[in-house]
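**Q** Residue strings, one per chain:
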Amino acid sequence: MLNRRDFLGWSGTGIATSLVAGATPSLLATPALAKGMDELTIYGPPAGPSIALAHLVRSGALNDHVKKVKFQLWRNPDQLRAGVLSGKMTITGTPSYVAANLYNRGVDVHMGSIVTWGLLYLMSREGKVASMQDLKGETILMPFKNDMPDLVFRAMAAKAGMKAGRDFKLQYTGTPPQAMKMMIAGKAKMAVLPEPAATGAMMMGIKNGVGITRALDLQKEWGRTIGGSAKIPQAGMMISGKLMKERPELVEAFNKAMIASGRWTSNNPASAAKIGATYLGLKAPIIERAIPFSNIDVKSGKSSRAELERFYNVLKGMSPAIIGGKLPAADFYL
Amino acid sequence: MSPTMNVKKHQYMLMIGISIFGLMGNSQDLLAGDFIDTASMKRHAVGEPPAVPSPLQLLLAKPAMQFRHDDQLPITNGVEEDVAKANRMVKVMGGYNGDGNVKTAASQARLMAPGIVVLAGLRYDQADDYDDANGDEVTFGYKRDTEQLVIQWMPNPGGKVKLVGVRDVIKDDLQPHHAMDVANTTRYVGKLSFEQALDGETLKGFSLHAASKNVEREPDNYSNRNDGNPKNNMRALTKRHIVEGGAKLKLNLNGWQTIAALNGGWDNHDARRYNESAGGLINAIKLPDITRTTMGLALDSKRKFDNGVMVQAGLRYDYLHANPEAVHQTGQMKTPPGAPAKQVAMAKAFNLSPAALYGQYYGASGDFERNDHNISARLRLSKTAMDKRFSVFGDVSRKMRSPDNIEAYHAVTNPNPAGRWIGNPNLDPEAHHKAELGFVWTGAHYQGYGDLGMNADGPFSADNMKISLSGYVDAVDNFITFDRAHGQSGIRQRDNALIYRNVDALFAGVNFEARWNLTNNWSMAAKAAYLWGNNESDDRALYQIAPLEANFLIDYKDMLGSVGTWNIGAKLRLVADQNRVDDNIRTGLGMDKGEGKGFATLDAYGGLQIGNRWSLSAGVNNLLNADYQEHITGTHIAAATKTKINAPGRTFFFRSQLNF
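In order, the protein sequence lines correspond to chains A and B.
When we follow the working numbering, the leftmost residue of the first sequence carries the number 1, and every step to the right adds one.
When we follow the working numbering, the leftmost residue of the second sequence carries the number 1, and every step to the right adds one.
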């Protein structure tokens, strides 16, 4: 029998258990903390590849090196640039060409790793296309004139013997959502979209009764037209030279943990999407569907050098300023 | 182009994840529950078949178990949920739960095409006798199969047509606390709805819905038990068909988000009891072919003000017409010429028509039709503060409920008056006057149980918690109480037959819940509820009031290398004594079988999942093998007696999910 007095006593036990359990993790964690720095903030873009970063933070992979690891999104390019130049952002996720640009402008940064090997897809209302040649006569929506996807797309077209304006028309939009809306509304048949916008377009199509197909995997087209493997080293981790010099063991641990976190993210898209929803404010169902198409496979900067240089060369050929006019030197790659 | 511009554009492109989802979300909530939910009000201590799991819970729902109620704060599904809810076309589940020896298998398939989503699922549960804490076998069991089909069609942006079909069949649902087992419960539900979001300045959307529900229940006292008296084989058959529909408009009236709704329904309910030992002759017109037509009109409006105040007010009118067609039909029991007087009297008692019984017990006469015009209203005020983390609310309402068919027209007769159960056509609708006050604290880093926001402070930060506390008082005029005939006002007999009457009643309750993510790995939750109920007219405790109960959860989850995740947890459930009971058949109803004895149970559980493709969950229920009985028990059937049944002792469970 559990009378009211016993009931309250047991309830007190339940609460006490809660408090003990609450204290336990911090108590257990204390010895390991003494060794490292007090706090490290890792920065990332508000996009899919940051899910691997969020996992890394959540998994406690750096607990032996840092007392408290925080994760912060950079919300605008000025934040990213100012953060890197001021030395505040010592580890940050970034488009790979931005890291090259900053390095070539004399900022002490390195390409620690490549996280995603391409997020670009040609989405269509009219089913799959076999290759770039099939785009002859089409109008394609392209977000951001002269930005990386535009340059990459035009470079691949050129290799296929096609030219924008002559063989197909590029209709530029202010943002990817604008391109999505126009395609759903039937104002254009095709659009180049990065993940998770590509998956978002398909989901929006389902919701609106419009069939949107992943018509062409631009990574595969890259391999076919540019050469090398079907991978575009699109985004990765930029590490400051100062942190490299002062805490090489931390950087090494981070790079190692990133590889594991990248694998976990690719292996567990539903679980990763939940983390993405919490850390990035993205909708979990779309993130879950986008992860398998996000080509997340973390490789060190050094081992990615050949792919990166091929990528940088293509961009340089189209618009040298985008990477700062030249290929980064060997010490750029960690 | 400058590097700054390059970065800016690319960063913007990466951010599309956020804006896309804004475009996706245009739910109108038009098919959500009503602000004044009179349609879902049920009689106190109702007994009915277990609920059908929703499509989202088909693979995760625990099997029905009416002698162990641990659903106040259910154990977490843990990492298993990431497999059961993963974006996969086909999912299968299999498992065993010792609470009722239930073996379960289920599968679900989903197809998506532009504008169309199809979800089909089926589930089978088979339960059997189980052992209580003393090792004694408890009679228990059922076989249940459920099939579901959901088709959703989006014909245009903002438009959604949804068709839902459900078949749920429960065979041989054993009721050891009752005189009959339910040999068959078959339910068919079909729902069709259409909702359309609009961008008008005033008209923001509308919805239409229609549903058809068919229920057939067939309890008997012989096909699943042997009482040693083959001359007493009884069977009942209940048939019910409900057709209902409605329309809603969503309006913006000068900043007031307003919903205007119209609902209507047609409901035919008929039940007979048969003496199978006498060749299947009718011996009670349980429910005399009742047809109810209903109509509801509702208007509610809410507005959020800049200072964090939200006002929501609503008014509802419900009309009910009920017409019992077969009130003059009698039983068919016969006696041979020259039969003994006792036998003749018995047959006569079984052959009493509902009309005769209503007249005998309540002095009711005429056609027994009823027409109710119920006016309900509700006002809710809330105020948020501290960056919307803290919210305090007050809610006052008057909600009216007309008697259901059992309360108004049930007509089970018996030569022994204590075995009669007679509805009361003279009942007035009950009117609840409820006032509730409460608050909710949602810390900035609390994203859900087990989901700690980024960069949270230490485990004891209030921002890691969600806490809610509310208290209410519900004064009920004309509360429809189940009772025994003791010659009360309006009751013409003093023979202990089961009757319904109007009394004044008072309910008061307190609910507390706290959820706390200590770290990314550790989470805890506590929930407590207390309810007090009193029959004010007779100054006695109300029957079947749940005792004070508190539940505690502690959960830990972690990554499984780069392949998956795992979790473990424990649950402590504390239930206090219930000393306020209605257990005397001579002075009250006597539905409670003595006072409720408090108990404590401890459960332990864990799970792992790999690649969001496969999971295995397992655990031990009632780890300490506590010997206990639920105070509120045997909820699958409407019954006047609540014989307490021992809950399961220490048992184990496991469940595995797989998707393709």
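Just so you know, the hints here were simulated from the structure itself, not pulled from any lab data.
Please note that the accuracy of each hint is not assured.
[Claimed, not checked] One side only, chain B facing chain A, incomplete, derived with CB under 10 Å:
hint, residue
1, Asp82
2, Ser353
3, Ala356
4, Gly359
5, Gln360
6, Ile568
[Said to hold, decoys possible] Within a straight-line C-alpha distance of at most 25 Å, the following computed BS3-like cross-link-like pairs (lysine-lysine) qualify:
hint, chain 1, residue 1, chain 2, residue 2
7, A, Lys169, A, Lys159
8, B, Lys213, B, Lys162
9, B, Lys348, B, Lys334
10, A, Lys68, B, Lys466
11, A, Lys189, A, Lys159
12, A, Lys256, A, Lys189
13, B, Lys103, B, Lys42
14, A, Lys67, A, Lys256
15, A, Lys326, A, Lys316
16, B, Lys204, A, Lys181
17, B, Lys388, A, Lys70
18, A, Lys70, B, Lys466
Glycine included, C-beta positions come from ideal geometry on N, C-alpha and C.
**Q** Go through the numbered hints given earlier and state which of them the structure violates, listing their numbers in rising order.
**A** Violated hints: 2, 3, 4, 5, 6, 12, 13; rest satisfied.
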